[in-house]
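Let the hints inform the model, and build the full structure from the sequences given.
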Amino acid sequence: MQSYQQMQKEALQKFEALREKPLVLVGTATCGRAAGALNVLAAFQNEISRNQLDARLREVGCMGHCYAEPMVIIYKPGFPPLCYGPVDEGMASRLVVDFLINDDPCFEFAIAALEPNDFFPTFSDYPRGIYENKIILADCGLIDPEDIDQYLAHDGYEALARVLNMDPVAVIEEIKNSKLRGRGGAGFPTGIKWETCNNAPGAPKYVICNADEGDPGAFMDRALLESNPHQVLEGLAIAAYAIGASQGYIYVRAEYPLAVARVQTALKQARERGLLGESILGGDFSFDIKIFQGSGAFVCGEETALIASIEGSAGVPNNRPPYPATSGLRGKPTVINNVKTLSYVPHIIRQGADWFKSIGTPNSPGTAVFALAGKVSNTGLAEVPMGTTIRQLVFDVGNGIKNDKKFKAVQIGGPSGGCLPESALDIPIDFDSLQQAGAMMGSGGLVVLDEDDCMVEIARFFLDFTQKESCGKCTFCRLGTKQMLDILTDITRGQGKQEDIELLLELAEDIKAGSLCGLGKTAPNPVLTTIRYFRDEYEAHIQEGRCPALMCKDLITYYIVPEKCSKLCNVCIGSCPVEAIFTRPDMLKAIYLDKCVKCNSCMVACPPQYQAVIKISPPVVEEGDKADEQASDNNH
Amino acid sequence: MSKLVTITIDDKELKVPEGEILLWVALNQGIYIPHLCGIREAERPAASCRLCFVEIEGIPNPVTACTQSVREGMKVRTRTPRVDRLVRTAFELLLSNHSLGCAKCPKNRNCELQRIAKERGLKLKLTRLRPLLKEVSKDETPDAFIFDPNRCVLCGRCVWVDHFQVNVGAIGFIRRGMERKVATFGELKLGESRCTQCGECVKVCPVGALSFKEQNQECRGG
Chain A
1079 MQSYQQMQKE ALQKFEALRE KPLVLVGTAT CGRAAGALNV LAAFQNEISR
1129 NQLDARLREV GCMGHCYAEP MVIIYKPGFP PLCYGPVDEG MASRLVVDFL
1179 INDDPCFEFA IAALEPNDFF PTFSDYPRGI YENKIILADC GLIDPEDIDQ
1229 YLAHDGYEAL ARVLNMDPVA VIEEIKNSKL RGRGGAGFPT GIKWETCNNA
1279 PGAPKYVICN ADEGDPGAFM DRALLESNPH QVLEGLAIAA YAIGASQGYI
1329 YVRAEYPLAV ARVQTALKQA RERGLLGESI LGGDFSFDIK IFQGSGAFVC
1379 GEETALIASI EGSAGVPNNR PPYPATSGLR GKPTVINNVK TLSYVPHIIR
1429 QGADWFKSIG TPNSPGTAVF ALAGKVSNTG LAEVPMGTTI RQLVFDVGNG
1479 IKNDKKFKAV QIGGPSGGCL PESALDIPID FDSLQQAGAM MGSGGLVVLD
1529 EDDCMVEIAR FFLDFTQKES CGKCTFCRLG TKQMLDILTD ITRGQGKQED
1579 IELLLELAED IKAGSLCGLG KTAPNPVLTT IRYFRDEYEA HIQEGRCPAL
1629 MCKDLITYYI VPEKCSKLCN VCIGSCPVEA IFTRPDMLKA IYLDKCVKCN
1679 SCMVACPPQY QAVIKISPPV VEEGDKADEQ ASDNNH
Chain B
870 MSKLVTITID DKELKVPEGE ILLWVALNQG IYIPHLCGIR EAERPAASCR
920 LCFVEIEGIP NPVTACTQSV REGMKVRTRT PRVDRLVRTA FELLLSNHSL
970 GCAKCPKNRN CELQRIAKER GLKLKLTRLR PLLKEVSKDE TPDAFIFDPN
1020 RCVLCGRCVW VDHFQVNVGA IGFIRRGMER KVATFGELKL GESRCTQCGE
1070 CVKVCPVGAL SFKEQNQECR GG
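Line by line, the protein sequences give chains A and B. This note's numbering numbers the first residue of the first sequence as 1079 and each following residue consecutively. This note's numbering numbers the first residue of the second sequence as 870 and each following residue consecutively.
Check before you lean on any hint, since a few could be wrong.
Stated by the list, open to error - In silico DSSO-like pairs for lysine-lysine, Cα to Cα no more than 27 Å straight-line:
#1 A:LYS1575 / B:LYS994
#2 B:LYS1050 / A:LYS1590
#3 B:LYS1003 / A:LYS1546
#4 B:LYS992 / A:LYS1590
It should be emphasised that the hints constitute simulated quantities derived from the structure, not laboratory data.
In structure tokens:
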């Protein structure tokens, strides 16, 4: 058996040799593929072979700059490594001809350089780079997830090799010391979970990686599995060693096929190198990992439901205690950690608990990984130290709000998190501060909302999600969330009653206190926080039949402002799918409100120099327009 | 014989076997705690009906009595404002999806929901909440009994008995959320399924979802 040092040395040599010739990296994680990365990859392939270039092409994962996908990195000796995006097929052939053949790095397409140089700024020269501190995302998008040697060359599996010479209790002690808190949402101290499981009687013991990511707007776990799967495997193996498990599972959604495929490849390669399987690295420790593909039920992210699902039952939660750490899979002690939590483990072992504690805040050390989504300019993955404020995250890292709109709120922590308003922008992001504000860390979804988002509708949207994803076992979650959803739906339709807000608050509190599992206990959070911070919007809907954000269809009508409308333009008429727009006798355009289906096409179609179509809330009553209609009929 | 411990429930001091489930301890002592899904013989509690809330000194929030083992010095309150509020909401939620109209129900005067209403002073009609029930047809295919899904509260007692006492496995829970229901494999009528019509499930149903046909006749007859 090859020693770890030997293996790593060879990997490093191989990795450095790769850079001696031009090397093109194409980000082909799911975000890249959605933006057309596979076509870009093919374009590079064709262009390189057509020109018979001695250049290499590799697929990598996601660097986190999803807004700029497809992203390409080009290493060419003599030039700083440069990152380009968004790249299309035409740009791909230009880069091959102009840069790889003719030495023009096409700076006009470049986003940033990866290393400091005299020609082009690096990521750390942008505001985003100042706030970001990448630990678990550091290698994502830079290494080939399907080549174990690239992970080894970046000190991969060094931590595993190291713990194999340590007492398992010392490993647990190191994780405990680091104060690492679970990144799946609840923030429970990882070391204490491991210790409980280690002390629990019973054999065999199990470790499970929870990759059942289901929050709307969250994709951190998927990106990690697609971009650096070995990092998760190493963390899981270390957890197994620490608690004395010989079997591990990765519970991943079947709708993440690329993640599944890349983890499968990683598992195979790790086994071939003796880093998984029988007597790892020639020692006494044997451990292997199976992939379990879940069928995509949100509730299966809950530990006891996840276990039921692996055992072959319906993914329905059980009462805790007993906690899985003492009685989990098949009744045996089981550690379940999130993908991100496990990804931190190798880094903590390698660099020490004190290093980890030097980042972040005293009670929430380390970094937080967020999936920025919604109305933020630079959507993608960001990793910032705990304690960074929401303002820094949205405005500096995320580069502010799209289309110069006004910031309204962030929905933080997924569907069971909360909506925080502008006044909460300076809250430092950590487990405790967010909880105090009524939200939660959650798994790290962050959806940015702007002035066009109605907070009642947003609360309804998230509650609709959790209500549909409820397993239906317990009374509060099954029926309580449905009652709340029906009330919210009525409010967004202008049928809300005065007492509805109080009833929502009462139900929300009881569902939080009375539900069996975490799904029900947190489901009312979006409703509670929107009432807490945006009560005026609820009142406007109920008392005035008005949607202040002009989002709720039942509470708006479309109107063409005569003063702004151009007589010479018919664009809105052409855009209307139901022929609800007509030309008035004076040649200006107007809308038959009874025909209008509120599809928004006219508003989008109206040329920007006019902006004559507006939305009105509360909706205009029909009578006023009947006259117009008649006038136009008479005209025919 | 297991060790006895001293606990108090609503200021009443009791000597009970250590480790017993609080819900059964209380009921044995004649202290009523509302409950639907609890099964004494079950290995682990379903804890799904969310009715048996109590407050225990030292635990910040109300907990379900079916998931608590008694231990020395435990101080329990079955009636506090918070407990009463949770029980009331859970009860109202169940009613919102339950076919009301007790007069026509075969379980009238012998129904656990009626008992809870009586013990806790709750009304058997909806006041705050909306009716959620979508009426579906009854299954009258078994020879001796009727299954009326509109009255089912999803306590799961029938499923447990079917699986663990008579070992037939004809019925189980299917679907999620509001769609969750008790059904046979493939949603066959009970009469066409592997159900042996032993009637054990009917005996444990706390409400009028499963009832013997003779009960229905009595009910219709007056």
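Status of each hint after checking the structure:
Pair hint A:LYS1575 plus B:LYS994 holds up; C-alpha atoms about 20 Å apart against a cutoff of 27 Å. Taking the CA atoms of B:LYS1050 and A:LYS1590, the gap is about 24 Å. The hint holds against a cut of 27 Å. Distance hint between B:LYS1003 and A:LYS1546 is fulfilled; the C-alpha atoms sit about 17 Å from each other, no more than 27 Å. About 24 Å separates the Cα atoms of B:LYS992 and A:LYS1590, which keeps this hinted pair within 27 Å; it holds.
Hint compliance for this structure: no hint is broken.
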